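Novice: Residue numbers (the working numbering), protein chains in the order written: chain A, 81 to 468; chain B, 81 to 468.
Think of the hints as simulated: they come from the structure by calculation, not from any bench.
A quick note: this is a predicted structure, and the numbers were derived from the prediction, not measured.
Careful: at least some of the hints might be erroneous.
Pairs count within a copy or across copies, as identical chains cannot be separated in the list.
Simulated crosslink set (DSS-like; lysine-lysine; CA at most 25 Å straight-line) [claimed, not checked]:
#: 1; residue 1: K265; residue 2: K454
#: 2; residue 1: K265; residue 2: K179
#: 3; residue 1: K201; residue 2: K454
#: 4; residue 1: K151; residue 2: K124
#: 5; residue 1: K286; residue 2: K354
There are 2 protein chains.
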Amino acid sequence: MSETVDLNEYEVGYDIPAKPGMDESDIQTPCLILDLDALERNVKKMGDLAKEMGVRHRAHGKMHKSVDVAKLQETMGASVGVCCQKVSEAETFVRGGIKDVMVSNQVRDPAKIDRLAKMPKLGARILVCVDDPENVADLSAAAMKHGTQLECLVEIDCGAGRCGVSSSQEVVNIAKLIDSAVGLKFAGIQAYQGAMQHMDLYSDRKDKIDIAIDMVENAMTALKSQGLECDIVGGGGTGSYYFEGTSGVYNELQCGSYAFMDADYGRILDKDGKRIDEGEWENSLFILTSVMSHSKTDLAIVDAGLKAQSVDSGLPTVFGRDDKVEYLKCSDEHGVVADPDSVLQVNDKLKLVPGHCDPTCNVHDWYVGVRGGKVESVWPVSARGRAY
Amino acid sequence: MSETVDLNEYEVGYDIPAKPGMDESDIQTPCLILDLDALERNVKKMGDLAKEMGVRHRAHGKMHKSVDVAKLQETMGASVGVCCQKVSEAETFVRGGIKDVMVSNQVRDPAKIDRLAKMPKLGARILVCVDDPENVADLSAAAMKHGTQLECLVEIDCGAGRCGVSSSQEVVNIAKLIDSAVGLKFAGIQAYQGAMQHMDLYSDRKDKIDIAIDMVENAMTALKSQGLECDIVGGGGTGSYYFEGTSGVYNELQCGSYAFMDADYGRILDKDGKRIDEGEWENSLFILTSVMSHSKTDLAIVDAGLKAQSVDSGLPTVFGRDDKVEYLKCSDEHGVVADPDSVLQVNDKLKLVPGHCDPTCNVHDWYVGVRGGKVESVWPVSARGRAY
Numbered sequence: 081m082s083e084t085v086d087l088n089e090y091e092v093g094y095d096i097p098a099k100p101g102m103d104e105s106d107i108q109t110p111c112l113i114l115d116l117d118a119l120e121r122n123v124k125k126m127g128d129l130a131k132e133m134g135v136r137h138r139a140h141g142k143m144h145k146s147v148d149v150a151k152l153q154e155t156m157g158a159s160v161g162v163c164c165q166k167v168s169e170a171e172t173f174v175r176g177g178i179k180d181v182m183v184s185n186q187v188r189d190p191a192k193i194d195r196l197a198k199m200p201k202l203g204a205r206i207l208v209c210v211d212d213p214e215n216v217a218d219l220s221a222a223a224m225k226h227g228t229q230l231e232c233l234v235e236i237d238c239g240a241g242r243c244g245v246s247s248s249q250e251v252v253n254i255a256k257l258i259d260s261a262v263g264l265k266f267a268g269i270q271a272y273q274g275a276m277q278h279m280d281l282y283s284d285r286k287d288k289i290d291i292a293i294d295m296v297e298n299a300m301t302a303l304k305s306q307g308l309e310c311d312i313v314g315g316g317g318t319g320s321y322y323f324e325g326t327s328g329v330y331n332e333l334q335c336g337s338y339a340f341m342d343a344d345y346g347r348i349l350d351k352d353g354k355r356i357d358e359g360e361w362e363n364s365l366f367i368l369t370s371v372m373s374h375s376k377t378d379l380a381i382v383d384a385g386l387k388a389q390s391v392d393s394g395l396p397t398v399f400g401r402d403d404k405v406e407y408l409k410c411s412d413e414h415g416v417v418a419d420p421d422s423v424l425q426v427n428d429k430l431k432l433v434p435g436h437c438d439p440t441c442n443v444h445d446w447y448v449g450v451r452g453g454k455v456e457s458v459w460p461v462s463a464r465g466r467a468y
Numbered sequence: 081m082s083e084t085v086d087l088n089e090y091e092v093g094y095d096i097p098a099k100p101g102m103d104e105s106d107i108q109t110p111c112l113i114l115d116l117d118a119l120e121r122n123v124k125k126m127g128d129l130a131k132e133m134g135v136r137h138r139a140h141g142k143m144h145k146s147v148d149v150a151k152l153q154e155t156m157g158a159s160v161g162v163c164c165q166k167v168s169e170a171e172t173f174v175r176g177g178i179k180d181v182m183v184s185n186q187v188r189d190p191a192k193i194d195r196l197a198k199m200p201k202l203g204a205r206i207l208v209c210v211d212d213p214e215n216v217a218d219l220s221a222a223a224m225k226h227g228t229q230l231e232c233l234v235e236i237d238c239g240a241g242r243c244g245v246s247s248s249q250e251v252v253n254i255a256k257l258i259d260s261a262v263g264l265k266f267a268g269i270q271a272y273q274g275a276m277q278h279m280d281l282y283s284d285r286k287d288k289i290d291i292a293i294d295m296v297e298n299a300m301t302a303l304k305s306q307g308l309e310c311d312i313v314g315g316g317g318t319g320s321y322y323f324e325g326t327s328g329v330y331n332e333l334q335c336g337s338y339a340f341m342d343a344d345y346g347r348i349l350d351k352d353g354k355r356i357d358e359g360e361w362e363n364s365l366f367i368l369t370s371v372m373s374h375s376k377t378d379l380a381i382v383d384a385g386l387k388a389q390s391v392d393s394g395l396p397t398v399f400g401r402d403d404k405v406e407y408l409k410c411s412d413e414h415g416v417v418a419d420p421d422s423v424l425q426v427n428d429k430l431k432l433v434p435g436h437c438d439p440t441c442n443v444h445d446w447y448v449g450v451r452g453g454k455v456e457s458v459w460p461v462s463a464r465g466r467a468y
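Using the sequences plus the hints, can you model the full thing?
Specialist: This is the structure:
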């Protein structure tokens, strides 16, 4: 399938929720909308913060899965390419024109390794993470087969409890294997602490990241003793980037959610005890939903349920209202909204801040960009469904 | 966009997880696979059960969103068309060749009503639910505009607490409006009790459905006193179909999950106290996932996380193993699997029974049908993303 999208091929209300030029009020729901002004402010701010801290920012494309958003992050937020999590996502970004793509994850399936090793032929720098010595030979053989180079980072599990090695000795062992493997280049360390990003308290997050920074520093010392330098020491998310960015150890941040925000991230507190969605970052992503039934006076039923979002990190919140309207629960196709004062009418629209942006974006095919009451852009969720 | 799919246009590992003829072992993960033998047995069984009870079965297409599965349900399970929940879903089924389509939901947005009223021109019978007198005039105007007929059911809220009216008087009021509206035909009652389907105990489910059946019976009596007959009295799901089917009141069942099953439904108990996934229905739907990291001896990390499923009704279970392998938790791209005896290796595959089939199907683009170790069919999730 082509990566280029001709919106003329799509029918509003069947394939697509809106087309550029439409009034915001005519958007078909449920769908994702982007407040383009807020999005651009978030993107620019993170680029500026990274520059101030003297580190690079490689925006995480797994969050939005969108070539258009990735390009905005490059041009307006000084992002050095993208990170992503799957080979098919990387292919989407490379085919879409991103020239520096890191798969911040392990690639083990032989067919996936082969696809990964082919990608540099499309003119992109390709980076991938390794946490098992056995993976090195497979990556090397594929790179040799295609006459390409893959840049490899050793992944450290610095607290997330998923992929990654746990000791400096393992880091050095794998790094040396990479360094001596044909077709591979040792590129550094990947150390993302995913498990602490959503802790409410700044001090709790700092305690966790201090442990991670120590692990990374120890690994770098061990690598240096073997003559191995890290081009990239990568990690950091929306709940932690200031720690990694000022650590003197990390040199590349990998934030994703900051661009869109969500309800679960919004609740965490900054160093002054203020929610991060009250000043640090703006909500730019919303699920637009319509009231479709109001047969009980105190409840409105809206058209965004489980198929319009992921509720793994909690329910969405209703944005921009100071009344008692509240999203209470949902089933597959319906959201039940408290409306104790009966202020809502059928066909009224609500903007919902999703509980968790990444998997919510992954159930939608389109981002409808709005500005000044008009639809300005309709961007595909380019890598949606590309989970391979 | 066309409804016909030419698999030659899709690239395995980028757009699509497999192609027909491939070995099952070469399927790219994570993806949905269907055990076609089990699926066909489930589909045939529900058709036979409905016939035995002397009622029709209109399979619920919102669960699978697949034209191919809907056609299998018609040919092998005697399903009389489909139900679905959204206008764009209905369009998908009609364009795909299903001739009798009920939107078992309210349609209120003017653009959606217009699309709905156009659909009979494609040669299909179109049914829709109503729970508000104000909706009748809008539906009628659209049907008149397009010179079509919409068949309308009055929806009763018989316990789900979502859409639907609560009294027989309201049923009669709306039915009379429908009956006298140009372009509309009064078709009966929609009364699906969604809130009780997942109650564990048969007796608890029966208590709830008895209330629903009473409500429906009262409404039918009130309608009859006004000279209004119900062509369709519809409802019933995988956790309740035997109650509605033998009620003497309902005449059309609307089961969805029975065809695929999931972990949340599997746990409910039949009248003998036996889980319904132990004899009544077979698991035919699985998330196929691969081990992609095993750097801790007691944990395997698999490639199916939040973007390969919906965990709203709990985590997936690992299918067909008698060891201690267990899916413990997940993040966006990863599943953490307990493997206390280190029996798994990198690239080993697991079949996961999703917690909740409907929203899990909605994050995937394809169903890979397998039989005898080979990929036999690759079906699009035709209405995926069609939430409008």
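Novice: Decide, hint by hint, whether the structure agrees.
Specialist: Okay, the hints, checked on the actual structure:
no. : hint        : in the structure
1   : K265 - K454 : neither (48 Å within a copy, 38 Å between copies)
2   : K265 - K179 : within (17 Å within a copy, 59 Å between copies)
3   : K201 - K454 : neither (40 Å within a copy, 33 Å between copies)
4   : K151 - K124 : within (12 Å within a copy, 50 Å between copies)
5   : K286 - K354 : within (16 Å within a copy, 50 Å between copies)
In this structure, the earlier hints numbered 1, 3 are contradicted, and the remaining ones agree with it.
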